[in-house]
Amino acid sequence: MAFVCEPLSAAVPPTLAAAHLPASIVIIGGGASGNIAAETLRQEGYPSAITLLSADASLPCDRPNLSKDYLAGTAQADWIPLRSPEFYSQHGIDLRLATRVMAIEPTAQTVVLSDGTRLSYGALLLATGAEPIRLNIPGASLPHVHVLRTLADSDALIASAAAGRQCVVVGASFIGLEVAAALRNRGLEVDVVAPEERPMERVLGAAIGDMVRAIHERHGVRFHLGATVAAIAERSVTLSTGEQLDADLVVVGIGVRASTGLAETAGLRIDRGIVVNEFLQTSAPNIYAAGDIARWPDRLTGQHIRVEHWVVAERQGQIAAHNMLGRLRRFDAIPFFWSQHYDTTIAYVGHAEQWDRLEIDGDPAAHDCAVSFWHDGQKLAVATVGRDLDSLRAELEFEQKLGR
Amino acid sequence: MSEESSAGGPDFRQGVLLDRLADGQMLLGHVAGEPALLVRRVEGLFAVGAACTHYGGPLVEGLLVDDTVRCPWHHACFSLRTGAALRPRR
Numbered sequence: 078m079a080f081v082c083e084p085l086s087a088a089v090p091p092t093l094a095a096a097h098l099p100a101s102i103v104i105i106g107g108g109a110s111g112n113i114a115a116e117t118l119r120q121e122g123y124p125s126a127i128t129l130l131s132a133d134a135s136l137p138c139d140r141p142n143l144s145k146d147y148l149a150g151t152a153q154a155d156w157i158p159l160r161s162p163e164f165y166s167q168h169g170i171d172l173r174l175a176t177r178v179m180a181i182e183p184t185a186q187t188v189v190l191s192d193g194t195r196l197s198y199g200a201l202l203l204a205t206g207a208e209p210i211r212l213n214i215p216g217a218s219l220p221h222v223h224v225l226r227t228l229a230d231s232d233a234l235i236a237s238a239a240a241g242r243q244c245v246v247v248g249a250s251f252i253g254l255e256v257a258a259a260l261r262n263r264g265l266e267v268d269v270v271a272p273e274e275r276p277m278e279r280v281l282g283a284a285i286g287d288m289v290r291a292i293h294e295r296h297g298v299r300f301h302l303g304a305t306v307a308a309i310a311e312r313s314v315t316l317s318t319g320e321q322l323d324a325d326l327v328v329v330g331i332g333v334r335a336s337t338g339l340a341e342t343a344g345l346r347i348d349r350g351i352v353v354n355e356f357l358q359t360s361a362p363n364i365y366a367a368g369d370i371a372r373w374p375d376r377l378t379g380q381h382i383r384v385e386h387w388v389v390a391e392r393q394g395q396i397a398a399h400n401m402l403g404r405l406r407r408f409d410a411i412p413f414f415w416s417q418h419y420d421t422t423i424a425y426v427g428h429a430e431q432w433d434r435l436e437i438d439g440d441p442a443a444h445d446c447a448v449s450f451w452h453d454g455q456k457l458a459v460a461t462v463g464r465d466l467d468s469l470r471a472e473l474e475f476e477q478k479l480g481r
Numbered sequence: 008m009s010e011e012s013s014a015g016g017p018d019f020r021q022g023v024l025l026d027r028l029a030d031g032q033m034l035l036g037h038v039a040g041e042p043a044l045l046v047r048r049v050e051g052l053f054a055v056g057a058a059c060t061h062y063g064g065p066l067v068e069g070l071l072v073d074d075t076v077r078c079p080w081h082h083a084c085f086s087l088r089t090g091a092a093l094r095p096r097r
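Protein chains in written order, with my numbering: chain A, 78 to 481; chain B, 8 to 97.
Just so you know, these hints were derived from the structure itself, not from any lab.
C-beta atoms are modelled at their ideal positions from N, C-alpha and C, and glycine is treated no differently.
Mixed in with the good hints, there may be bad ones.
[Stated by the list, open to error] Which bits of chain B does chain A cover? Going by a derived footprint, with three or more residues having C-beta under 8 Å, they are: (1) 19-25; (2) 59-71; (3) 77-91.
[Said to hold, decoys possible] One-sided and incomplete, this derived list gives chain B residues near chain A with beta-carbon spacing under 10 Å: (4) V49; (5) L52; (6) R94.
Okay, chain B solo, but in the shape it has when bound (with noise of 0.2 Å):
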């Protein structure tokens, strides 16, 4: 059940151009070989883990809402900004 996305995409340290990413779009890559998602949103860009704390859902497939992600699996929500889990779990 702990399934983690995997480690593919690119490496964001590397830098991503700017114009792969719109507003509203999630883009799956890794950071040290830990997988992130970089985000773009009118605030600004943002990256967080891309599992779900949950039982790993693969965030990149959820739902962006204003300054939070939404996990797919079990709809836990995310801060894009602190990584906090504002709804649960953990």
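Next comes chain A alone, as it looks inside the complex (with noise of 0.2 Å):
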């Protein structure tokens, strides 16, 4: 018979020696990675002093459900910070919000801040993440012109949705479309304006791209595909195609641009990102860089990747923790995200920057499919709906092809 009686307290972090770990750690971002270093570092028993510096106003937040349930208002606004604001005092982790960075001064080992103070690190982690594309087209600074990144942004978005009645959201990737799933939750008219000739499909391939079209249009959505945005105006807006849109609200989702202007500044070695190991340590010493910010080689591929999905930021911010205090961890795990549309999520482990040869198990109109990307002969993602015990092991297979 086997008896479990009561639960095990949980593990006191221990006591690291100070003598041979940094004499203080700074984190510049308080993003995923950023938020999750800190409290790994501090899980972990680092002792001294913990910096996060953070250039947003509000709390390292849950930042996936930005696009998903709190936006379409099925979320409570206390799911949203990671952790509550006496968090970061009880583990002595000095967070700074609405603190921006002006300058990394590598040689001196310090770090300067927009009012002029000087903080030094003994470690410092970027995690400075990646700010939203906008559009370069006539009335793109309008004031009903969204973009969406942070808690602001979402609110912001929120509060438009409420007077708001006729979106035309600019972008058919995971941001754009979901917005278009909250807005059509909140009740307004949307239409999704994308040059691709299917939504997603450059990721996820035609048959899931299909099906993601099909479930939004089931939802009311009306795709405008081929066609960019060429001018807003305060009403309305006009396609390349010369059709015009009613729009009382406009949300533009056509990616991010990572935000390496302190790195590049201080003279580390860029590329599209911040280049780091596989130890995810940058060309500086004790720097290291995290999150969607960070260009790491990938074995699987034997590429260097940008990765910008919240679970591979955390990871890469638990790494960058346990090397900042002086271990040897590779990064090498298995890229994951998970894109949700209404009741319908699809689950993508692997990272297929580009594909050849897609191969499909299942129906993804029936919401129940496997697809597999493969480059030059090697399966290197694998995308699921409905099969998310499949998703795990296909992530499981995925490390072991890398011997872990």
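Hints in hand, dock the two standalone chains.
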């Protein structure tokens, strides 16, 4: 017989001897990577100062939810911060919100804040993330044109949606379509405009792209594919095709650009992101990078890749923390993301920046399938709908291929 | 979004016959009302909370890998020995 009696108490963090550790740690960026790095450092018993600098005025938050349930109105506001405000002080993490770093001085090992203050670091983590790309067309900076990255962006969108009736979403990838679903849930009319033939086709292929389009159309979304927005006016947009759409709200989801400014000025090696090795070390001593900003060597493809997904960012933040403590842990997690479209979730493991063949098992139209993406005879990624266990198995298979 | 596994299944404090549980099998039950997972592996028996600490996903529907369990919703990974989240979240 097996008996389970009572829960074990939570593990008490060890206290690491300060001797061989960085005298202080500074983290720039209050997103997924920065936040979890700070937590992991304390979990591992790091005893010295941790400063977490965030340009955002809001607490580090659950960013995936900002385009999903929170935007749809089905999540509670208190689900959004990753930790309570007290968490940081309780764990001796000096969290400074609305704080911009103006420069990094790698030789002096200091960072300079916008008010001129200098902070020293023994180790520095750059987790500055990415910023939404904006349209460069007439009307792009009108007040009813939104991007979605921060909690403030989501709140502004929610406020506009309350007064709005007709939204044009620019872009048919993750942000665009999740916003479309959320705003349909709030009762707005939604038109999606994108240049590609099918939503998400480049990442997920034609079959899942068609599935996604069908789901959205069933929920009343209208698609204008093979088109771009040429101009935005106060109550309408004009497409490249000449067609005009009513719009009292425009949401732009056309991608993000890695925020590499600080790293560039500091002379770190940059390649559409901050280049790091397998231990997430940058080209400068004692400086690490993690999250949307980091381009690391992917063992599966032998390429350096940069991935803009939440779970990858968190796992990198954890590894960076371990490595700032002197451990040499390789970051070799298999990238994973999920994308939510009303009641249907797509799970994706791996990273197929390019693919020349895909294999479909099951029926995408029935929301029950696995699609694998191949390049040069190698399987690089698997997307699943309604097959969560298969997604876990596919992830494990990739790990085993790497010999983990 | 924070759905929890229902507190159904056996009360593990009352004991579970070992032959109900093969290696690599997860049994969903509860301990004093808290949903729990009983897992048998070659290395031994483990019991952890049944709900993922991320959004409450059902770990019993996940994947056992050595001495860890992975959540089917967003692939969080928990130690069967300590319950610690080895990979995000919390």
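Exercise. Hints broken by the structure, by number, lowest first?
Worked result: Violated: hint 4 alone.
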